[in-house]
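Here the structure of chain A is known, so what remains is to put chains B, C and D in place on it, guided by the hints.
These protein sequence lines are chains A, B, C and D, in that order.
The first sequence maps to residues 0 to 435 in numbering that gives the first Met the number 0.
The second sequence maps to residues 0 to 435 in numbering that gives the first Met the number 0.
The third sequence maps to residues 0 to 435 in numbering that gives the first Met the number 0.
The fourth sequence maps to residues 0 to 435 in numbering that gives the first Met the number 0.
Careful: at least some of the hints might be erroneous.
To be verified - Straight-line alpha carbon distances no greater than 27 Å define the calculated DSSO-like cross-link-like pairs of lysine-lysine that follow: (1) K70(C) with K384(D); (2) K424(B) with K204(A); (3) K45(B) with K204(B); (4) K204(C) with K384(D); (5) K263(A) with K384(C); (6) K263(B) with K384(D); (7) K263(D) with K384(B); (8) K70(D) with K263(A).
Read the hints as simulated data drawn from the structure, not as lab findings.
None of the values given here were measured: they were computed from a predicted structure.
Protein chains: 4
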Amino acid sequence: MVPRYARPDMTALWEPEAKYRIWFEIEAHATEKLGELGVVPPSAAKALWDWWATDPKIDVEAIDAIEAVTKHDVIAFLTWVAENVGDEARFMHQGMTSSDVLDTTLAVQLARSADILLADLDGLLEAIKRRAEEHKYTPTIGRSHGIHAEPVTFGLKLAQAYAEFDRCRTRLIAARAEIATCAISGAVGTFANIDPQVEEHVADKLGLTVEPVSTQVIPRDRHAMFFSTLAVIAGSIERLAVEVRHLQRTEVLEAEEYFSPGQKGSSAMPHKRNPILTENLTGQARMIRAYALPALENVALWHERDISHSSVERFIGPDACITLDFALARLTGVVDKLLVYPERMQANMDRMGGLIHSQRVLLALTQNGVSREDAYRLVQRNAMKVWESDGQLTLLDLLKRDEEVTAALGAQQLEEKFDLEYHFKHVDTIFARVFG
Amino acid sequence: MVPRYARPDMTALWEPEAKYRIWFEIEAHATEKLGELGVVPPSAAKALWDWWATDPKIDVEAIDAIEAVTKHDVIAFLTWVAENVGDEARFMHQGMTSSDVLDTTLAVQLARSADILLADLDGLLEAIKRRAEEHKYTPTIGRSHGIHAEPVTFGLKLAQAYAEFDRCRTRLIAARAEIATCAISGAVGTFANIDPQVEEHVADKLGLTVEPVSTQVIPRDRHAMFFSTLAVIAGSIERLAVEVRHLQRTEVLEAEEYFSPGQKGSSAMPHKRNPILTENLTGQARMIRAYALPALENVALWHERDISHSSVERFIGPDACITLDFALARLTGVVDKLLVYPERMQANMDRMGGLIHSQRVLLALTQNGVSREDAYRLVQRNAMKVWESDGQLTLLDLLKRDEEVTAALGAQQLEEKFDLEYHFKHVDTIFARVFG
Amino acid sequence: MVPRYARPDMTALWEPEAKYRIWFEIEAHATEKLGELGVVPPSAAKALWDWWATDPKIDVEAIDAIEAVTKHDVIAFLTWVAENVGDEARFMHQGMTSSDVLDTTLAVQLARSADILLADLDGLLEAIKRRAEEHKYTPTIGRSHGIHAEPVTFGLKLAQAYAEFDRCRTRLIAARAEIATCAISGAVGTFANIDPQVEEHVADKLGLTVEPVSTQVIPRDRHAMFFSTLAVIAGSIERLAVEVRHLQRTEVLEAEEYFSPGQKGSSAMPHKRNPILTENLTGQARMIRAYALPALENVALWHERDISHSSVERFIGPDACITLDFALARLTGVVDKLLVYPERMQANMDRMGGLIHSQRVLLALTQNGVSREDAYRLVQRNAMKVWESDGQLTLLDLLKRDEEVTAALGAQQLEEKFDLEYHFKHVDTIFARVFG
Amino acid sequence: MVPRYARPDMTALWEPEAKYRIWFEIEAHATEKLGELGVVPPSAAKALWDWWATDPKIDVEAIDAIEAVTKHDVIAFLTWVAENVGDEARFMHQGMTSSDVLDTTLAVQLARSADILLADLDGLLEAIKRRAEEHKYTPTIGRSHGIHAEPVTFGLKLAQAYAEFDRCRTRLIAARAEIATCAISGAVGTFANIDPQVEEHVADKLGLTVEPVSTQVIPRDRHAMFFSTLAVIAGSIERLAVEVRHLQRTEVLEAEEYFSPGQKGSSAMPHKRNPILTENLTGQARMIRAYALPALENVALWHERDISHSSVERFIGPDACITLDFALARLTGVVDKLLVYPERMQANMDRMGGLIHSQRVLLALTQNGVSREDAYRLVQRNAMKVWESDGQLTLLDLLKRDEEVTAALGAQQLEEKFDLEYHFKHVDTIFARVFG
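So that you can see chain A by itself, here it is in the shape it has in the complex (with noise of 0.2 Å):
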C-alpha cells in the first residue's frame, strides 16, 4: 500500500482495529449460538456482548504485546479479551481453530471491500454516462490503428466506456458472492468439534452464506477469482487512461484533463499540462494486475491446507482493494472534469481532405456496377494522393476530376457521400443499448 493512493475509507477496513472488530463478531456470535446449542452457559456471550456494548477501544499495543509472546496472533487476541471480559472469555473460541476466525474476517473485509468498489463503479458510472449525454452528437473521428478511420461521437466513445464498466461492475458482484463464504468448521473442516449451526449461525449475522465444505481454509479458487476480476477491471481502467492520454497529445488535444490555475506541469518547463492522472492510473493498473498472479498461484495449497497463502493475502488483500479503490475515484475524477475540445476535434477530421469518407464512395462505386477489386483501386489512388499532400488535397476534389470515377458517380452523387450526419443515425440505437 502506497499512502499517496489510498482512501480512507477503504484503508480503515484493512487496518488492525477493523480486524479484530471483525474478530470480535465472529467470536461473539459463534459463542451466543454455542449458548443456545448448550456447549457453553449462555452467559458467556452475554458477558461478550455487554462489554462490546461499552464501544471499547480495541488496543492494537496491548495485543501486539501479547502476541510478542505468544507467537500466535489469534490466541493473543482471545487472550486480550479474556482480560477485558473477565473469566466467562473461557468459552469463546470452543471447537473453533485460527482459520475459521482468519478466512472468515478475511470473507468479511473483501465483501466490505467490494461493496466500497461497487460503489465506485456507480460513481463512475454516473460520471460518464453524465459526459455521455453531454457529448451525443459531438463529433469527432474514430480511429482505428491511430489512424483516422470513420467519423464517430464523442458519446459513443464514452458509451463504449460505460458499457465495458458496467460489465466490470456485474462480474465485481459475481466475485463478491465468490468470497463471501463463512466457515467455522473446525480443523481439517470435519466439525467434529463445532455444530455446523455455528457456522450458519454465524453466516447469517455477518451476510455471509455458509462455505460448503471447507478445509480447514476457505478454498482459494474463490480468491483467485476475485483477484482475477480486480485485474480485468484494472484492464478496463488502463483502456480508458490511454484513451485520455492519447485524446491530450499535442497534435490531438481533443481532451485534457483538468489542469488547476496555480498547477505546475513541470519544475523546468512552464509550458507544461501533462495528462499525469491518467498516467498514474495507467501504472496503478499495473499494479492491480500483477495482484492477480500470486492470487492464482495460491489455489494449489498441499492436502487440507498450507499456510503459504497467507503472507500473499496480507499483500494483496489490502494493495489490491485499496488501489483499485483509489483508481476508480481518481479516473471518476478524471471524467468528470475532462475538459472536452469540439472544436479541435472537428478541425482534426478535417485534416485528412475528406479521406474518412473514402468507404462510401467505395459502395456507392461498387452499388453503380464496378467491381469491388476496380472500386477499391479507384478510391485508393485518390486517396494516396490526398494523404500525400498533408490536408492541401481534398478526396472529393481529386475524385470529381477522375474519369474513371465520374462514369459511375455524378458529382452530385459524390458529394452526398461526404456528409458527416450519415455515420449518426444509429447514434440513439446504441445509447438506448447502452443505457436503456
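Just chains B, C and D now, kept in the frame of chain A:
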C-alpha cells in the same frame, strides 16, 4: 499448441477449415438479412446457401494462395467463395469490415470451446462424485502444513474437489456468456453502412447475443475475463494434481496413478512408478495461467481499435482452450482410475501414536475445568514425547501416566477421546451440501 | 508456435529431426568416452559414427511408432538407432538417464537459439545505427507525457534504441551462458554409474560447460533466467514498436512503416495506411513476456526432480525463441525501411508557437536575478495564452509584450532563447557514448 | 510492504528521510560541479555542504506541508532546503529536471538495496556451506517425482542449493550494475542546459556509472532486468523452502524447522510442529515474482518519457527489495538451525526393501550379456512384488530366488550391487566443483 497435449475435437475447432466455415456462415447469414432489407438482391443469399448445401470442401491451400497476393485474409476468402459461387457472391460483406467477421468468428470458436470444456468439466465432476461416494467413509488423515492434523475421509477430500470444480463450471458458464457476442457494426462500429438488424439476425442464427456497442472490434475486457477464468480453472487442476502427487510419494503412498502392465517408470530404474500424469498437469496449469496475462494486456487497445490483440489471440485462443481441454480429460482419467489404498491410509494415520487426537483431550481438559493454557501445556508436553519417539510411544499411554492429566480426566474418559468415528459424524451434512 | 510468426532456421531447430540429431550426438560422444575409459568396447562408438557418416535420414515416423509401444521417447530413439546400427548400439546410454539426454539437448537448442537471436540483434543494431547516423541532426520534438517538451533529433531517439538493444545483447550473451551447460550425471546426479569424464567430454564436444551439480536434471533457475531475459528484450521491442505507432498517428505522421505499392490498409476504407507491423510486434511482445512466468514457476521442482517443467518447456522453448526471432527480424525490417518525414517533424515542432523554448526563458530570467518562483509565473502566464490560442500566438511575441519580462530580459536576449541549434550541441557527446 | 516481513536496514533505505538525503547529495554534488564550471558561484555548493555538515534533521513533515501547496515533490524539497540554507540555495538544480534527481535517487536506492541483498546472499551461502560440509556424507534417498530413486547425501542436496544461490549472487551483481547509473541530462536528455560533466561528477561521487543516453528518464529496461533478477532469486528461495516443507512432512520427517521451547504449532492441536517459516517463504516468493511483471510493462514508456512507471515503482521498489531481504534472512535462519535427522533418513531409505538399487542390478545383468529389454523385465517383475509388499519383501531376496536372474548374476555379485557407499564415490568431485 503442443500436439501431444491436444485432443481432436477441440483442435478441429481451431483449424483453418473450421474458421472458414464460420466465416462463410456469418457472411451468408448477413447477406440473407441484407436481402430481406432490400440492400442486396435476395438471390445472393440463395446462391450462397445453395452452394453451401453441396457441402463443398474448404480449399485452404487455394485461399492461402490468394492471400499471398492480396495480403488480406478476409478478402482472400471472399474471392475464393466468389470463384465458387459466381457473380452473386459480389453482394457479400456489404457494409461490413473484416473485424465483423473475425471477431464474431472468435466468439463462435470460444463459445464452442467453452461447450467442450463444460462437457469436460461434467465428465470430471462425474468421476469425482463416483469416487467420492465410493470413499465416503474411508478414513484418512487430514494434513495441515503437510503434518498430520486430524482424521477426515477420502470422500471428503473428493467432495472438496467436486465443490471446487462445480464452482469452475459456474464460472465457465459466465465466461462463455461474456464472449458469446456478435458484432456486425461496420467500420468504427457506427452501423453507418449496415443496418443493426443484420447484426441481430446473425447473432440469432449463431446463438450469440448482440454486442451492445462495438468499436469495429468487440471489446477485449470480455476476452480478458474469459482467459482469466480458464486460469482459475487451471489453478484448481493444479490443486488436485498436487494432491495426487503428494499421496503417491513413497513414504505416503495412499493413492497412486494407474500404472499399466508393461509400463516403464524410468529407463534407468526399473522399480519406479511415478505420478507423471499429475506432474504433467501441473506444468500445463502453469501455461494456462500464463495465457491470461497477455489477454489482460490486450484490453487497453488504442481508440476504436488497434490490432495488437490479434497476434496474441492467434496464440492463446487455441493454446489455452486446447491445453485446458486436454488437461481436464487427463485429470478425469487420473481420478477415474486412481488406485486408492485404504489400508495404507489407516497405517499412516496410526503412525503418530494417537497424536491426531490431541485436540479432543485439550477440549475435554478445559471442559473439566483446567484452564486453556494449562491444558495446552499438559497435552503438548506428552505429545512432544510421542513425536520424538517416532511412533514408539502413544499419546494415550503417556496421558494416562501423567498425574496432572488424570486429575482432571479419568482413564475411560481419556480413551473415549481416541475414537476415530467421532470425526465423521458430519460427513453426511457436508455431502448433502456438496452433492445435494 | 504460430506458423505465420515463425522463420525457417529457428523453427528447424525445434523440429523433431533436429532434436534427434542432438540426441544422437550426445549418445555417440558419450559412448566414445566410455570406450576410452574401457567401460564399453571402443568399437561401439566407431559403429555409431560410421553410420552417422552416411548421413542417415532421421525417420521420425518410425521412432514415433516405437514410442507408441514403449511409451518412452528416449528408449524409442535408442531402439531405432539400434535397428540401424546393429548390435554395437547396445552399449549406448550406459549409466545415463533420459534426463541426461533431454536436458543437455535443451541446452544445445537454447544455445543455438540464442546464437540466432544474437545474430538478429546484430542485424537490428546495424539497422538502427544506420538510420541514427542518417538522422543524427534531423530535428524533432522531444515529448514527455505525449506533450511537446523540448527539441531532440531523430538520431538521438534511435541512439537510445541502439543503446537499449545493445544492453539486450549483453544480457542475452549472459543468458546464453546460463543455459549452455551439459549434464551427464546419471540418476539423481551422483555419477554412481557414469564417470564425470564422460560429462566433460560431451560438454567439450558440444561447446557447453559442465553443470557443476545436477540432480538428474539441470537446475531450472538457469532457464528462468534465460526466459526472463527474453521477456526483457520483448519489452524493448515493444518500446520501439510503440514509438513507431505513435509517430505514424494521423495527427503526428513524422514516420511511417513502409507501405508497398498494391498494399491494402483496410478492406473497407481504401484510404488507410496502418502501422500494422508494429502493432503486431506489440502483441508478440506480450506473448514473449508471458512465457517467462511459467519458467519462473518451474524453478521449485520437488526434491531431485519432478517432471512438471517438461510440459511447460515443450511450449515455451519453441514458442518464445521462434516468436522472438520473428519479432526481431520484423522490427529490423521496420527500422530499415521506415519512412521518415523531417518536414513534418519541423512542422509539428512549430505548431506550439515556440512554447518548447519556455525553459530557456525561465533560466535566463533567473540568471538575470528574477526569483525562480516569479520567473516561473511570468513564463507560465504567457505560455498558457499561447497554448490556448492553438498556435495562433507565439511565446516570443507575448514575452516581448510582457513588461515584467522585458524588465529582466531584452528583446534580443529573448530571441536568442528561441534557437533550435542550442539543443543539439551535445549530440556528438551522446553519439560518442553510444556508438563509440 | 508488510511490516512483519520487513527488516530495519532495508526499510530505512526506502523511507522518506533516506530519499531526501540522496536528493540533497545529488543536488549538492551537481551544484559543486556547476560552481567549478562557472555556471553558478562556487559559494553555493559550499553553503550547501556547510549546512549538511551540521547533520540537519530532515523535516519530512515540513517538506510535505510545502508539497501540499506546490503539488510538486522536488520543488517542495528545494524550497525547504532553501529555507534552511538561505539565499545561496537558489543556485541548486540549475538546468536539471526533477527526473534527474528522482531517477538517480532510485538508482542509489536500488544499488544500496542490492548491496544489502548481496550481503544476505553471502550469509545464506555461508550457512548452506556449513551445513553441506556437516552432512557431506549423510546418506539420504534421492527422489525423482517424489518417489525414491537412488541414494544421495544430504550434503549433495545442500551443495546444489549452494551452487544455485551462488548463481543468484552472480546475477544480482549484474543486475546491480544494470541499475547503478546516473542521469543528469536535463529535459528530454539533451544536456541543453547542463554540461555532461555535471553528470560525470555526480555519478563519480555516488558510485554510479553515467547513463550513456537518457531521455529525461533512465530507460526502464534496466529496471525490468533488475526486478526480473529478483524474481529468479525468489524462485530459488521457493525451491529450497519447498524442499524443507517436503522433508518435514509427517511421513518423511528427515529434517525440520527449528521449533523453540514454548512455541505453539496450532491453537487447536497441541501436537503440531509445522514448517511455517518455509510456507511463509513460499508465499513471499510468489509476491517477489509478481513484482517483475509491472516492471516489464514499464519498459515501453511513450516517446521520451511518460510517468506511468512512477506509481509502479513506488510499490515495487520498496516491496520487492524489503520482502526479498526478509526472505533471504529468514531462509538463512531456517538453514542455519535446521534440525536434521540422519537416522530417519536411513530408515526411510530402508523402507523400500532395496528397490533403490534396481539400476545397478539392471546394469550388471546387461553387462553379463542379458539384453537390456530382458534385464529390465527381470528386475521390474521382482521390483513390483517388493513395491506391493510395502517393505515386507526385499529385492535382493527375490532376485536370489529368480532363476533367470541367477543364471546371469551370482549371489555374491548380486549382493555387491546393494552397497550404499558405491553411490558416494563422486561426492568429492561435486563438492570440489561447487565449493572450489
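Here is how each hint holds up against the structure:
1. K70(C) with K384(D): holds (22 Å)
2. K424(B) with K204(A): holds (25 Å)
3. K45(B) with K204(B): holds (16 Å)
4. K204(C) with K384(D): violated (43 Å)
5. K263(A) with K384(C): Holds. K263(A) to K384(C) sits at ~15 Å (cutoff 27 Å).
6. K263(B) with K384(D): Satisfied, since the Cα-Cα distance of roughly 15 Å is no more than 27 Å.
7. K263(D) with K384(B): Given that 27 Å is the threshold and the Cα spacing comes to 15 Å, the pair holds.
8. K70(D) with K263(A): Distance of about 8 Å is within 27 Å: holds.
The earlier numbered hint that this structure contradicts is number 4, and it is the only one.
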